[in-house]
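The task is simple: from the sequences and hints, build the whole structure.
Chain by chain, the residues run as shown.
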Amino acid sequence: VEKEKSFVRFDLKQRAQHWFMILSFTLLTITGIPMRFPDQIWSKYVYFLFGGLYGARIVHRTSALIMILLGLYHLYYIFSLLIKHKFNISEAWPMIPNKKDARDWYYTSLYYFGFKKKLPLYDRFNFREKFDYFAVFWGVPVMMFSGLILWFPIFFGNNFPSLIIPMAYIAHSDEAILAISAIVVWHFYNVHYNPDKFPGSTVWIDGILTEKQIKEEHPLEYERITRKKIKE
Amino acid sequence: MSLRYSLRIIQKSKVSIFIINILILILSIEPLFTEEDLDKNCYKCHDLNNLSYFNPDLNSIKNLTVKKEDHKNSVHANLNCISCHKETSSFPHAENRQKVGCNQDCHTVKEGEIYTHEKSYSEFSDSIHSKGKDGKSVDSPTCVNCHGVTSVHKITKVTKKISDSEKISQCITCHDNKEMMARNKVEESAVESYKKSFHYKAIKFGTISSAVCQDCHGVHDIYSKQHPKSRISDEKVEDTCSKSGCHEGANINFAMSGANHLNFKVDKEPILWWEEKMFQILTGGTMGMLVIGIALDVQKKYGWLSLLVKIGKFLWFGVILIANILFFLISLLKKL
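From first to last, the protein sequence lines are chains A and B.
Counting from 1, position 102 in the first sequence corresponds to residue 102 in the numbering used here; the numbering is continuous, with no gaps.
Counting from 1, position 330 in the second sequence corresponds to residue 330 in the numbering used here; the numbering is continuous, with no gaps.
The hints are simulated quantities; they were obtained by calculation from the structure and are not laboratory data.
Computed from a predicted model, the values in this text were never measured in an experiment.
There's no promise every hint is true.
EDC-like, lysine to aspartate or glutamate: derived pairs with alpha carbons at most 20 Å apart [said to hold, decoys possible]:
1) A/Lys130 / B/Asp297
2) B/Lys196 / B/Glu275
3) A/Lys118 / B/Asp297
4) A/Lys100 / A/Glu216
5) A/Lys197 / B/Asp297
6) A/Lys118 / A/Asp101
7) A/Lys5 / A/Glu216
8) B/Lys301 / A/Asp104
9) B/Lys301 / A/Glu129
10) B/Lys300 / A/Glu216
11) B/Lys310 / A/Asp196
12) B/Lys277 / A/Asp174
13) B/Lys195 / A/Asp39
14) A/Lys5 / A/Asp174
15) B/Lys300 / A/Asp104
16) B/Lys236 / B/Glu87
17) A/Lys215 / B/Asp297
18) A/Lys229 / A/Glu91
19) B/Lys196 / A/Asp174
20) B/Lys300 / A/Glu91
The structure is reproduced here in structure tokens:
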């Protein structure tokens, strides 16, 4: 039997970023959620596991630092990509939404409601994946700035308009709920609960897609890669 | 027989000195009028169950029973009835007597001074709790409301410092009663908003260094925010936050942030109201969209019905598997 061809979807740098994201996001969620629901019985047991409020605080801030550093590394990473691709934005940043994504979203909706027979052909990143990416791109700075304000309330409270602390409170708490529910409901459906992937996709570990998977999920990318190979 | 003459006889007679010594001994062992005896007469009547008095002016009945045991076990056990209830030594008791108040001298000497609650009492009678927002109201608390007793005679000894949550509950008893607060034109969501603050959450999770109501608002000396003596007045709030050792170096800008009672601030500041609304719409909209997306995806790819049947079969398989394993283990145990 001929061995199935495999395609690298994510290289080590990209996978490592996701690993650190999983680590920091999980710890931040576990140590943060009880703050939102202090009257629930389970809340205090969660903090008990971290050695009380102060233990949980140390874990929360350490993982926050990991996430902030990760965000900064990601900025460095995408700009180094830009330089590598000689400032050709569409080539360096395939994540940027374009007209095709709007069209794909529309056709996908038509497909779901039965007006179209087939799904549109997706490229390397489809509109869902772009949504996920920009959700994090919006969420991390919001959580970072509001979190830093709550971490150093006296500095920010003394030197900025006094509304900044209540604003940070609301932003940190509400954005956290949005991010956690989006991850648990949407992202987990796409990579875990989904019967095609259950109990989970492995691309985040080895970064490799099989030929069948890439043909199904990213046909345009597959086409581009094979055409390139034929040329060579 | 004059006193001097009798004394002279006593001095001369050794026998009489002996008798006097005996007398002194007897007196010192069992004084004629013991402390308890002073209360004995009171309890002749007041120890009776359901001893009551009908007040024709108020058309109400007042229970006058005082249980001896309650008073004996209370913090005031070493005081007699008449040390608080003045002018009651005669019967019938004098009319228009001085009312019993916690500001009276207690006839107990502590550190060389007569012990009294006068300081707390005068602080309290100047406070908004005593004076009321516009005049004293029926709901205004008195000493016993916060000091946690149903009867003054039962005030027990405080053996330990009261905990933070006990301190909070002193205030919550009334301030979480929205009806009572509305009746007296007091902020209704004070407790609710405090419970959303980090101050409360930290205490809930077992910290002892976080702020409770009394830490910022005062204890007996609570005033309205506009009052210059108030700890949260515009002039003093900075000190309240910074000099308590909690937020060292905080200035007025920090103190006015109002993050400790967020609800008030959200109602007053349109920016915060819009921020909250924005997040609600964003969260509701995004999650709604995503859930619809998932629902449609499942329907198109697998069909909800067939998927649920599949999951059901899977779970049923799991149940059978676990049942088999249990059965196997039980049979193994039986053999052993």
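Hints versus structure:
| no. | hint | verdict |
| --- | --- | --- |
| 1 | A/Lys130 / B/Asp297 | holds (18 Å) |
| 2 | B/Lys196 / B/Glu275 | holds (17 Å) |
| 3 | A/Lys118 / B/Asp297 | holds (13 Å) |
| 4 | A/Lys100 / A/Glu216 | holds (18 Å) |
| 5 | A/Lys197 / B/Asp297 | holds (14 Å) |
| 6 | A/Lys118 / A/Asp101 | holds (16 Å) |
| 7 | A/Lys5 / A/Glu216 | holds (14 Å) |
| 8 | B/Lys301 / A/Asp104 | holds (17 Å) |
| 9 | B/Lys301 / A/Glu129 | holds (19 Å) |
| 10 | B/Lys300 / A/Glu216 | holds (16 Å) |
| 11 | B/Lys310 / A/Asp196 | holds (13 Å) |
| 12 | B/Lys277 / A/Asp174 | holds (10 Å) |
| 13 | B/Lys195 / A/Asp39 | holds (9 Å) |
| 14 | A/Lys5 / A/Asp174 | violated (45 Å) |
| 15 | B/Lys300 / A/Asp104 | holds (16 Å) |
| 16 | B/Lys236 / B/Glu87 | violated (45 Å) |
| 17 | A/Lys215 / B/Asp297 | holds (19 Å) |
| 18 | A/Lys229 / A/Glu91 | holds (18 Å) |
| 19 | B/Lys196 / A/Asp174 | holds (13 Å) |
| 20 | B/Lys300 / A/Glu91 | violated (33 Å) |
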